[in-house]
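J.: Please build the complete structure, drawing on both the sequences and the hints.
Every number in the numbering used here is 220 more than the matching position in the sequence shown, counting from 1.
All the pointers check out, no bait thrown in.
Below 27 angstroms or equal to it, Euclidean Cα-Cα: the simulated DSS-like pairs (lysine-lysine) are:
1. K718 - K617
2. K617 - K572
3. K827 - K980
4. K718 - K640
5. K332 - K668
6. K966 - K866
7. K397 - K451
8. K644 - K617
9. K442 - K397
10. K624 - K640
11. K387 - K439
12. K827 - K744
13. K645 - K572
14. K617 - K668
15. K966 - K886
16. K744 - K723
17. K640 - K617
18. K705 - K827
19. K927 - K914
20. K439 - K408
21. K744 - K705
22. K408 - K260
23. K668 - K572
24. K827 - K723
25. K387 - K397
26. K408 - K442
27. K621 - K640
28. K249 - K277
29. K590 - K387
30. K963 - K865
31. K327 - K260
It should be emphasised that the hints constitute simulated quantities derived from the structure, not laboratory data.
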Amino acid sequence: GQLVYTLLEVIRQDSSIREILYGSEFISKGEFFGSFAHPKRICLEALLLGLLYHVHKNPAESENIELLNTPDRLEFHIVRFSDEESLDLEVSLNLIENIHENAKRQKSADIKYQIELQCGNTVITEIPDSRNIFLYGVGGAGKTTFLLNQINSNNSVSFYFSLYKYKREIHENLQSKSCWILLQILLKYHYQYEYQTYEACAACEGENVVLQQLSELDKQLKNNPYNFNWKYILLLDGLNEMSSELQEILTSELEWICTEWKNVRIIITGRTVPLYTVFDDFQHIEIHGITDAERDAVLSDYGEISGNKNLVEILKIPMFLNMYLENRETDKTLNTRGEILDSYIMGRNFQKDSVVRFIVQYVLPFVASKMINSYDCFAFQNNNGFCYEIDRGELFKTIGKSYKIYLLDEYVYQSYIAPKGFRKKSLLESREKVDFIELILDNIGLMKISENDSHKIHFTHQYFRDYFSAKHILNLLEIIVTSYKNSSIDEQKEIFIKFELDKNWFFDEHEIYKLFGEICGDYKNIPDGNDSMFWYRRTILDNLLDMYRKFNAESDCFHITENVIKVMSISRNNAICEVNFDRVPLPFNVPCNIKFSQNGEYPSSFKNCIVDRLGICDDSGIYISEESGVKIYTWYKYSVYSPDKKLILIISDDNYILLWDNVSEKILWNLDLSEYAEYCQYFDYAEFSADGNKIDLYAGCGINIYKVTIDSYSGYVIGYGQGRVYEYNFTDEKILDEQLKLKIFKQLPHFKNCDFSGAKFIYEDYSKILYHMGALTDNKELCVYKQSYSGT
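T.: Following this line, the structure appears as structure tokens:
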């Protein structure tokens, strides 16, 4: 097969060959090249003899002939010349048989470790053969590998699709309501992605032909299963990689499939199980990664990490365990996912090649950033969900931009790149001689060609994309603090704006901000409660603040501080301690789920800074307390009594909640639910159980409802994602009067002992509220900062 395919490619690429002597006739060479769905008959004897004669008479006349390996999907039918009937080159394919044959060619994935599964409260070793299944778990837990392992695991025919490719398909002539999935089965397993779209396929094959094929396939999927054994298994991977709008469209398609396609079983994966009714009848199975016993056996030679509970839990994830083991010889202490990724990628053997090392350290981060920024700008308009792919042309341009920043900017090159051992001349020469895209695909192995579009390229795992996105920002910051630390303030501000570091680094990408904090080491600044042991470790973020505080006090680059606070809060479990924010403009709104001291210990400093808004003190409405004369802001979104009126659950912005005890007049617990809120959702409604022991909180609206259940007395999350959708009663009973608000403010730990002396406030009452919260403020003379905002 490989020989014949190579010979055909030689013929195809050699323009001097126009005809083949086939038996007793000359056949135009174009008639030898069929499609994946319509292969041609080839006379092997004529092919070999003709090419032997051709190369003998025309030695080395053809240049740049590329010999190709045979793809698994390609097949040619070989015949000997015997009579005139063999001159009929067309080969007829049965649609269903061809789909079955191509589906069986798919390679399943080998599971290296024993995977821990849990269905309800029961631990299981394999998924059951009955019912549709929703397989969920954290990123990297092995969902994709486990799903691919189901291919060819029995006599069923498996159809596998990555859902990040899903899009809304509307074709009026197509009767089936399962439009995208039905089309994908035909395009992938019959036409083998010769055509990317229905329109392209219909234009080449004829619309009537395509519609007939879709109708035949649809009928096959609707057949009753034989002995209750499904003929087909639909494997759908990565529901979390779709936007909420597309999830709604997909679930309506799945509802139709569950009703109409009786011969199909569905297994779908995602981070969590969304609350769509279609999934109520699915069996929900959680994948926990590697079993504890197998992980511990693999790590038996690393006894020193047994006490590191966070690391041991991370190493349940197969992806991180493999990377950790590959870097076991490193001298670095690896405690987090970010550090494991950084050590694995930057320490691999290919780093010995300077060109590859430059690509990995500076080009791939630029590429990942391009993909993230493309998502930020366009995802909501085109409903494409997360941007996981980049066009070859865009990749080529991005490589050029990275060269422009790191090599062609002479100042950056001499002060930052050259000291790292890179040589401009060799890198520029390699840019001319080497195809960087092929180098990235063939030599590095962190990106690959899209399964169904050879023009698109994506990272082999979302974690790699997220890591390189964080690395890109870190690279730019290193340039600034290394190359521009002694430059003028105007030059520093100009380079911030040039690199777009004055904007939001990522659009609500919690995971990337966290990886950034882990890579740069900021996560280490979490106090352990032992005064004698805690010491602050400065990172590049502190250097960034030092540079920023030199800017004009009324600088409009307040996103710089916003990004720093995001990284620090996420990597430090929402407690930012001992950070110097003196003389720095704070973000337009400081989130209320972040505490800037640990109940008064290790407070951060805000001397002479500019305070626009504090999320804990929302300015949407103001009440004056008769007791103190202080204006109390309506800083909460919703509050509700327990059945016995002894407790009050309060929901604030940024998914920050707290429980107030009316009897003891104390805050029993406070909690940040950001990690449980789905993309762009906020908790805004809650209710107690009849006995008051549990609290259900809800985020979202319409069909995209997300639910978290909390134990009322401990504040622990005891369940999430499994609620029912119904109409909320948003009646606000005005539970929190002015005096109660003031009592609660006095117990909020967010700014206890933080120094705000000399600070300027856009709302003068912030100073008094901070004073009641235990912060240090100017009491004698209140400094009020007045600022005008255009258009507001």
